[in-house]
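Using the hints provided, position chain A relative to the given structure of chain R.
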Amino acid sequence: SQQGEEDPQALSIQEGENATMNCSYKTSINNLQWYRQNSGRGLVHLILIRSNEREKHSGRLRVTLDTSKKSSSLLITASRAADTASYFCATGGNSGGSNYKLTFGKGTLLTVNP
Amino acid sequence: GAVVSQHPSRVICKSGTSVKIECRSLDFQATTMFWYRQFPKQSLMLMATSNEGSKATYEQGVEKDKFLINHASLTLSTLTVTSAHPEDSSFYICSASGLATFYNEQFFGPGTRLTVL
Chain R
3 SQQGEEDPQA LSIQEGENAT MNCSYKTSIN NLQWYRQNSG RGLVHLILIR
53 SNEREKHSGR LRVTLDTSKK SSSLLITASR AADTASYFCA TGGNSGGSNY
103 KLTFGKGTLL TVNP
Chain A
6 GAVVSQHPSR VICKSGTSVK IECRSLDFQA TTMFWYRQFP KQSLMLMATS
56 NEGSKATYEQ GVEKDKFLIN HASLTLSTLT VTSAHPEDSS FYICSASGLA
106 TFYNEQFFGP GTRLTVL
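First to last, the protein sequences are chains R and A. If you read the first sequence in the working numbering, its first letter stands for residue 3, the second for the next number, and so on. If you read the second sequence in the working numbering, its first letter stands for residue 6, the second for the next number, and so on.
Derived by calculation from the structure, the hints in this document are not laboratory data. No residue lacks a Cβ here, since even glycine has one placed at the ideal position from N, Cα and C. Any given hint could turn out to be false.
[What the hints assert, rightly or not] Stretches of chain R that chain A covers, calculated by requiring three or more beta carbons in the stretch to come under 8 Å of a beta carbon on chain A:
#1 37 to 48
#2 106 to 115
[Claimed, not checked] Sample of chain A residues with no beta-carbon within 12 Å of chain R, all distances over it, derived:
#3 V16
#4 S20
#5 G21
#6 S23
#7 E27
#8 E68
#9 K71
#10 L81
If we strip away everything but chain R, and leave its shape as in the complex, we get (with noise of 0.2 Å):
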């Protein structure tokens, strides 16, 4: 299966109710990001989380790694309508460097019901 799987593929919420997704992969990483993507929009950088850490903050968003699972979270709380999308996480390999390249995860369709 492909590397960066999220689940789950959809998740519907209210707003101001909180929204998990998972993300797991399969080899070994140098870090994990989470990335946002609005229906037929590009992408929009979420958080980026090393491979040594375990936990990041970034506003409304909370990203957790474990490495010896092989997993990620994004908790976004208090949801908003606005933060209705597609969300991935993206893996990369142990090179570093500007020619490091992303693998992505299928993606969970998060929907925020006002």
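Relative to the frame of chain R, chain A by itself:
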């Protein structure tokens, strides 16, 4: 900072014609640009990686003669879909990365919707 643009945003063409898509980094020098394609409700699939001034590296299964990539300057890369067919209809997204950007971070363009009739 770190803005990447794509042009055009949408293009409709007839089968057999060639289409060029531009990807520009507006406020930083992109030593590397990546081209992805995305089918509806699916993930991004990396097509090729291009470094300024050298030939692009294509992913397995991507025809380099079909998808011509040129990265002639540190701010511009182009993808030309040659002899386009309906199955080439997709959303094409570029991203850019550079030595001055955050380690391993790629900045994505807004995408180009290609429809081949």
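Here's how the hints hold up against the structure:
no., hint, result
1, 37 to 48, "holds (count 7)"
2, 106 to 115, "holds (count 5)"
3, V16, "14 Å, holds"
4, S20, "23 Å, holds"
5, G21, "26 Å, holds"
6, S23, "23 Å, holds"
7, E27, "14 Å, holds"
8, E68, "19 Å, holds"
9, K71, "21 Å, holds"
10, L81, "16 Å, holds"
The structure fails none of the hints (numbered hints given earlier).
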